[in-house]
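Chains as they are written, first to last, in this note's numbering: chain A, 1 to 111; chain B, 112 to 226.
Simulated from the structure, these hints should not be mistaken for laboratory data.
Virtual Cβ for every residue (Gly too), placed ideally from N, Cα, C.
One thing to keep in mind: the hints can contain errors.
Said to hold, decoys possible - Not the full set, but computed from the structure, chain B residues with beta-carbon under 10 Å of chain A: (1) Val115; (2) Arg120; (3) Glu152; (4) Leu154; (5) Phe156; (6) Ile166; (7) Ser169; (8) Phe176; (9) Cys203; (10) Gln215; (11) Tyr216; (12) Gly220.
As the list claims (entries may be wrong) - Cut-off 25 Å, straight-line C-alpha distance, at most; resulting in silico cross-link-like pairs (DSS-like, lysine-lysine): (13) Lys162/B - Lys93/A; (14) Lys173/B - Lys93/A; (15) Lys68/A - Lys93/A; (16) Lys93/A - Lys67/A; (17) Lys56/A - Lys93/A; (18) Lys68/A - Lys56/A; (19) Lys70/A - Lys155/B; (20) Lys173/B - Lys138/B; (21) Lys173/B - Lys162/B; (22) Lys173/B - Lys155/B; (23) Lys70/A - Lys93/A; (24) Lys162/B - Lys138/B; (25) Lys67/A - Lys155/B; (26) Lys93/A - Lys182/B; (27) Lys56/A - Lys67/A.
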Amino acid sequence: GEDVEQSLFLSVREGDSSVINCTYTDSSSTYLYWYKQEPGAGLQLLTYIFSNMDMKQDQRLTVLLNKKDKHLSLRIADTQTGDSAIYFCAERKSNDYKLSFGAGTTVTVRA
Amino acid sequence: NAGVMQNPRHLVRRRGQEARLRCSPMKGHSHVYWYRQLPEEGLKFMVYLQKENIIDESGMPKERFSAEFPKEGPSILRIQQVVRGDSAAYFCASSSPGLASYEQYFGPGTRLTVT
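Whole structure, please, built from the sequences with the hints as guidance.
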């Protein structure tokens, strides 16, 4: 199976908070990332967190890391229509450089 | 500061032809990574290169695929004798050496269609 797993779809009302979840399997993962992909576009690095951190906040984005459960989440506050996209969780293992991606969560923001 | 550039953005090839995909990393970046995204899947690592060196090609198919990153010019991903299963989006990412190497920035991708 995949090393990184995400739910496939999330629908949220404009102005509400979105929470996108991700689980990974390798406890040696050093860096965990969130990327955003809009239709027909490349991946935009949104944020990342080191494995020695529990939380990271950057404007409307909050990343929470639960190392014990190998669970990563991305919270988007005050979700806007421009937040509609596919969000990818990725991990980078220690002593490695390549990223392993989940299949992506498609977030749809409805008015 | 221009981001990672890839061309062409879209490429159509008939079965048996060759496909050449180009990637120019961000200014100051000397590490290049290629990933492939099949429809409705996440990205899969293919190859990691530094200037004139292939560091890790563990994700590359053993046949028909090759990559290079010459001293001058862009990185090239080459697919010989393409088959329908090669249809995918191919993304290049770059990073700087040293402490910031964990930040990989992606280009817009090349969408390859094999007919």
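Okay, the hints, checked on the actual structure:
With its C-beta approaching chain A no nearer than about 8 Å, Val115/B sits inside the 10 Å limit, and its interface hint holds. With a least beta-carbon distance of about 9 Å to chain A, the hint placing Arg120/B at the interface is held under the 10 Å criterion. The beta carbon of Glu152/B is positioned within 10 Å of a beta carbon in chain A (closest approach about 6 Å), and the interface hint is therefore held. Hint on Leu154/B holds. Least Cβ distance to chain A is approximately 5 Å, under the 10 Å limit.
Because the smallest distance between the Cβ of Phe156/B and any Cβ of chain A comes to about 4 Å, under 10 Å, the interface hint for this residue holds. Using the Cβ-Cβ criterion of 10 Å, the hint placing Ile166/B at the interface with chain A is satisfied: the shortest such distance is roughly 8 Å. Contact between Ser169/B and chain A, as hinted, is supported at the beta carbon level, the nearest pair being about 8 Å apart and thus within 10 Å. The interface hint given for Phe176/B is broken, as the beta carbon of that residue sits about 16 Å from the closest beta carbon of chain A, more than 10 Å.
The closest approach between the C-beta of Cys203/B and any C-beta of chain A is roughly 9 Å, which is under the 10 Å cut-off, so the hint is satisfied. Contact between Gln215/B and chain A, as hinted, is supported at the beta carbon level, the nearest pair being about 6 Å apart and thus within 10 Å. Hint status for Tyr216/B: holds, given a least beta-carbon distance of 6 Å to chain A, under 10 Å. Given the 10 Å rule on beta carbons, the hint for Gly220/B holds: about 5 Å separates it from the nearest Cβ of chain A.
Proposed proximity of Lys162/B and Lys93/A is supported: the alpha carbons are some 23 Å apart, at most 25 Å. Between the alpha carbons of Lys173/B and Lys93/A the distance comes to roughly 24 Å, so the proposed pair stays at or under 25 Å and holds. The straight-line distance between the Cα atoms of Lys68/A and Lys93/A is roughly 16 Å, inside the 25 Å bound, and the hint therefore holds. For the proposed pair Lys93/A and Lys67/A, the alpha carbon gap of about 14 Å is at most 25 Å, so the pair holds.
Distance check on the hinted pair: Lys56/A and Lys93/A sit about 19 Å apart at the alpha-carbon level, within 25 Å; holds. This hinted pair checks out: Lys68/A and Lys56/A have alpha carbons roughly 17 Å apart, not beyond 25 Å. In summary, the hint linking Lys70/A to Lys155/B is supported, as the alpha carbons are separated by about 21 Å, within the 25 Å threshold. A hinted pair counts as satisfied when its Cα atoms are at most 25 Å apart, and Lys173/B with Lys138/B does not qualify at roughly 31 Å.
For the suggested pair Lys173/B and Lys162/B, the alpha carbons sit about 22 Å apart, so the restraint of at most 25 Å is met. Of the supplied pair hints, the one linking Lys173/B and Lys155/B holds, its CA atoms being roughly 15 Å apart against a limit of 25 Å. Note on Lys70/A and Lys93/A: the hinted pairing holds, with a Cα-Cα distance of about 13 Å set against a maximum of 25 Å. Restraint check: the Cα-Cα separation between Lys162/B and Lys138/B comes to about 13 Å, which is no more than 25 Å; the hinted pair holds.
With a CA separation close to 24 Å, the supplied pair Lys67/A and Lys155/B stays within the 25 Å bound. At most 25 Å may separate the alpha-carbon atoms for a hinted pair to count; Lys93/A and Lys182/B exceed this at roughly 29 Å. In summary, the hint linking Lys56/A to Lys67/A is supported, as the alpha carbons are separated by about 14 Å, within the 25 Å threshold.
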